[in-house]
Amino acid sequence: MILRDKPGFMQLAFAVRGSIVPVIAPQVLGLAAFAALVVWADRHLATFPEIEATPFTVFGIALSLFLGFRNNAAYDRWWEARKLWGGLLADLRSFARETELFLASEADRARALRLALAFMHLHRAMARRLPDDATARTAAGRAGLSADGPLPRPCAALDSIATLLANARRDGTLDGYGARALAERLASITLGQAGAERIARTPLPYVYSLLIYRTTYLYCLLLPLALVGPAGWLAPLFVGIVAYVFLGLAEVTEDLAHPFGNTPNALPLDAICRTAEISLAPHLGEEPPQPLAPVDYYLS
Amino acid sequence: MILRDKPGFMQLAFAVRGSIVPVIAPQVLGLAAFAALVVWADRHLATFPEIEATPFTVFGIALSLFLGFRNNAAYDRWWEARKLWGGLLADLRSFARETELFLASEADRARALRLALAFMHLHRAMARRLPDDATARTAAGRAGLSADGPLPRPCAALDSIATLLANARRDGTLDGYGARALAERLASITLGQAGAERIARTPLPYVYSLLIYRTTYLYCLLLPLALVGPAGWLAPLFVGIVAYVFLGLAEVTEDLAHPFGNTPNALPLDAICRTAEISLAPHLGEEPPQPLAPVDYYLS
Amino acid sequence: MILRDKPGFMQLAFAVRGSIVPVIAPQVLGLAAFAALVVWADRHLATFPEIEATPFTVFGIALSLFLGFRNNAAYDRWWEARKLWGGLLADLRSFARETELFLASEADRARALRLALAFMHLHRAMARRLPDDATARTAAGRAGLSADGPLPRPCAALDSIATLLANARRDGTLDGYGARALAERLASITLGQAGAERIARTPLPYVYSLLIYRTTYLYCLLLPLALVGPAGWLAPLFVGIVAYVFLGLAEVTEDLAHPFGNTPNALPLDAICRTAEISLAPHLGEEPPQPLAPVDYYLS
Amino acid sequence: MILRDKPGFMQLAFAVRGSIVPVIAPQVLGLAAFAALVVWADRHLATFPEIEATPFTVFGIALSLFLGFRNNAAYDRWWEARKLWGGLLADLRSFARETELFLASEADRARALRLALAFMHLHRAMARRLPDDATARTAAGRAGLSADGPLPRPCAALDSIATLLANARRDGTLDGYGARALAERLASITLGQAGAERIARTPLPYVYSLLIYRTTYLYCLLLPLALVGPAGWLAPLFVGIVAYVFLGLAEVTEDLAHPFGNTPNALPLDAICRTAEISLAPHLGEEPPQPLAPVDYYLS
Amino acid sequence: MILRDKPGFMQLAFAVRGSIVPVIAPQVLGLAAFAALVVWADRHLATFPEIEATPFTVFGIALSLFLGFRNNAAYDRWWEARKLWGGLLADLRSFARETELFLASEADRARALRLALAFMHLHRAMARRLPDDATARTAAGRAGLSADGPLPRPCAALDSIATLLANARRDGTLDGYGARALAERLASITLGQAGAERIARTPLPYVYSLLIYRTTYLYCLLLPLALVGPAGWLAPLFVGIVAYVFLGLAEVTEDLAHPFGNTPNALPLDAICRTAEISLAPHLGEEPPQPLAPVDYYLS
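Residue numbers (our numbering), protein chains in the order written: chain P, 12 to 311; chain D, 12 to 311; chain B, 12 to 311; chain L, 12 to 311; chain U, 12 to 311.
In short, the hints are calculated from the structure, not lab data. Where hints are given, some of them may not hold.
Same chains, same names: a pair is fine if it fits in one copy or spans any two.
[Unchecked claim] When the alpha-carbon atoms are kept at most 20 Å apart in a straight line, the in silico DMTMM-like pairs for lysine to aspartate or glutamate are as follows:
no., residue 1, residue 2
1, LYS94, GLU208
2, LYS17, ASP87
3, LYS17, ASP186
4, LYS94, ASP182
5, LYS94, GLU297
6, LYS94, ASP159
7, LYS17, GLU111
8, LYS94, GLU288
As the structure is a computational prediction, the values presented were derived from the model and not from experiment.
Chain P with its partners taken away, still in its complex shape (with noise of 0.2 Å):
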């Protein structure tokens, strides 16, 4: 995630960090050049029939609501990930607190703890697709999950989580109010995890993709048709004006319908999970660590 202040005149006209026009610009100036070559075209070759601009007014008003639309249901997609995880963090700190109301063995609750931390480093990685995640590997590690092999998979701690109270309930050490508390709160995290997955294994449908990325060549190809007659040799400075505003908005959403890569606007798990950390050390008795610090704007 980019954290930066509003722009001011300078990053309007300069940043390039956390901006979009990187990842656009060939397409733009092909899109331009393109668009110059019509109107050399029109001017040495052979003049083109003069279309109305009109069609092309109807053709991008329902462009920008399709792509509104899409943005739309991507940026729903970044939000609800990340109430997701904002919901994740919240019950790894209820946890916290009902293990210390319900759990008597401070063994258990150290245990439970650590699962949970170790839960929420395999979420990320699986979410990330980082198979291999040192720091993964390692808070699996402290929490006695197999150290080798393949990553364990995040279910693997919950269900270590449900074994641990199941145990304590048959020692006696957790009573039926306590069992019946975390259980709650176990089916908490299940249910974020299941929404998160869902978001990370369930792309916005692919034939929007094409029809949106099709019609967009389309209108920026065909514009210079009704450009070249009223604009002349301003009609590549149009062209690449509108191809800046609805590829940059089209890219835009394919990054934020991703909200787990690794793209500049991706969510920032990496501190999500530094603050859970946080958040549990007291209750761990241990020192807390620092929190993430964006780099270069960037927050991981």
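With chain P fixed as given, assemble chains D, B, L and U onto it according to the hints.
Chains D, B, L and U only, in chain P's frame:
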């Protein structure tokens, strides 16, 4: 569900798998041909009165807005359906952990989990309208539900879980805390089931389909009258593009509004059921099966 | 509710069942006739001042947006109503399972389920404003609610369940866990009932209807002035189409905003009540009745 | 709240009750008069420069979108307020049933219900800013809250219920199950109260009002410049219509954004409180009062 | 938060308090001056090529839609933040009532409530980035949290409540029912806190700000080219108005997207904390303080 990366240049130009083009090609070509006919008639038979493009602007924007509304509603249905199935998956995982915590008898636990898996498959078979699905029949059989005749209703699997719990309660192997916890889990599954049934059985109001398809065809049939003058022989191209955009969106919408169908954009219920089996396998002491993989980009 | 497949070619051209055309035909024809009158007057009496179409563009787009807003709000009401009834169905199923788990007396269980079914029918009769619905009266009678005079209020059925539970509690056939579980279920039903009442008793603000219908008519009455010049005798056709789109959407909206009515687009409350009876039949040891089937595409 | 059927032909033409026309007539007429002045000046003093209508298209559409956004936000406030009050009604009904199930002392039960009714009336009086509402005072008095001085705060009624429950708990007439059930109900009422307070005390950001009204007036004041050429003496009519649509919507929005006011579109809090009294009467062994009926289409 | 009535005529013309005008005046005047320069250059240096206004229509509508989207997202953040703080207020009131019901020791009750109030103030100080807020320090001190060094984290206050409850549980002054009830309340507060943290720490994606401000400036800088012909010396006025509308909305959006800031549109956290103190005073046996009143229409 189609699983492909962001379309690259070649896909944009040529991808057919996951595209809506094959479905709407006949209509698009038909409307373009009609436009060509209008141009030909205008040139060789009798000149049509020239109609200003402005009324078409309003008409086109109104149509875009209504298509946008219907698209929104369809996408919401699709995404809510995915949420409900994701919630069912979470419920099954929590159910497995809670049986470990609250159900004393191991045999009861195993039977309860097998019934839960049978529910998932029966629910899937009903949503997909597969009255004799072999996988669902096997799952029902393993859970001890009647193996002959028509498939049992999904409710039957949940009713059997309730009976199992009531017997355990009477036997004293399930205490009051556990009865409440497991009954709440069952109610949560019931709610998810009812939600998915609602989407499957209550389509978008038919009157919208009629209104929108009629309006779209009217628009595409009248458009040549506005384009014959300014665009000439390019009119069929423009009409084709407009038809592609509007009919394409209408068709995608129709697909997404039925998220449990067998279309390329339908939800991957098979894969979700498989994930449930993988998640419950450790609780049943079984080897988890392999996750389903997409075939030709398609996850069933 | 109309249940038809995606409209094919013939339906698009001729379908009347489920279409809004019969309702708005008089207004549409009237407005087209008025447009024809304007053209005739312009040709034979005195030429009207030509008005540019641009103001109509803004007017038309603003009108589309406001119609779109109202349509959204109406569809949300319709879909929320369906959700609430779906939730009631889920609550009834869970109630049946929870009585099995928590209510010791079989007679109490049967009476509680019959009261729940009576509630559904009384609730339906109130929503549909059927003060003397025979099915509801029968259901109330079977549950032991007063059979004479006006139909009991839906609340009376739920109050009777509460009294039944309180008596069971006092008799010792319902323990504390069960009392909480069943009271929560009752509260969930109560919430669903209040939600449906809210939709039934609080229509969309009347001021919107007035504003939107007045604006739509103003638009259709002024439109001929803008079209008489450029479109000539085609003006009535265009006015008719515009009136069809705008009045059609306004009328559909009016329908969906009253989801408990008797219009073709109203919710199939009869069918939902029947599904509840089917779901509860096994718990009552009865043969489940047949599900309701659509008649002439209409599910009541 | 205005309760009228779908407007028929006569109402469309003449309905004043529930219409926004009387409120905005002065501004609409004023703006139309200004437009007439511009036309007169253009004809008799000096010709204004002709301005193309296109900039007004963008301006008008942008304004429509912003008005649409604010209208959406206002309607959401109105509908959320209605949901919260509907939720309170459901909570009161559930509270009555749960006291029957869990509170052993009949006197406590009656007092608790009277306190709940007093809460509703005090909450209504606070939302409507009626510092000396007679009905609320009576209800508070019947519940044993201080009858003199300023009205008690709604919180005082809920605090008294909590104290009543704490005393019952200490006396042994309320067990742990009941304490949890009734405390959860109280918390649910508290949440509904806080939600309604939020809407009452946090208006839509003032800056929106300023921005939108200023923009609307700017638009209506500049519009004559664009219409004076093409529309001539019809310009005042067009300006009047535009002002009617935009100011009408802005005014309705202003109304709906304050759902607890005394405007025709405000929520019928009196009627909801009466419904609560009707619902609780059987539990208090009283004759239910009559429901409130609309007076001149208006339900208070 | 600015608290003013619906703007009247004088306010519309002159209100500055709560208006966005002072913030954006420099940019608006700068852009208008640039437009004047373009007109002057066009008249005295060399005639610019005339550009049709149509491309600007599409551009302007696309820009309106994107601004509208961002405005929606920002308003949702603002309103969700308000909901979360309203929920915290409700949680505190319920917490007070539940301690009365479930916590036997009066000293524990008082300490728990003081800790809850300290949490509110610490949470507010963190959200507003006031690392040394005097009120928060006092509240923390009164609750027995460390009075020296940096302010304690809000989590510390909640952790202390959990420890207090665990001790009471061990002492036998809190039974299982109460432990569950109060743990759930604590979890609800934790969830509200995490939600507010999410909004405070995860701004709207920076890439949107960049894209929208860049597009807005591009639009306003190119607009004179389209207006210089038809509008002449009125062009600067039009450009100024367009800049006022678009930049004004962008700026308001920027404000609302940071609901915990110190801008005029930020949420009144001080007032909400004061309301919490008023609500809890009777439970602490204290005289409630006065509610905060707006100063110069501003409620902090």
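These are the hints, each one checked on the structure:
1. LYS94 / GLU208: Result: close both inside a copy and across copies, 13 Å intra and 11 Å inter.
2. LYS17 / ASP87: between (22 Å within a copy, 19 Å between copies)
3. LYS17 / ASP186: neither (53 Å within a copy, 52 Å between copies)
4. LYS94 / ASP182: Answer is neither; intra-copy 37 Å and inter-copy 38 Å both fail.
5. LYS94 / GLU297: Result: close neither inside a copy nor across copies, 28 Å intra and 35 Å inter.
6. LYS94 / ASP159: Cα proximity of LYS94 and ASP159: none, with 33 Å in one copy and 34 Å across.
7. LYS17 / GLU111: neither (43 Å within a copy, 47 Å between copies)
8. LYS94 / GLU288: Within one copy only: 18 Å inside, 28 Å across.
Hint violations for this structure: numbers 3, 4, 5, 6, 7, all remaining hints satisfied.
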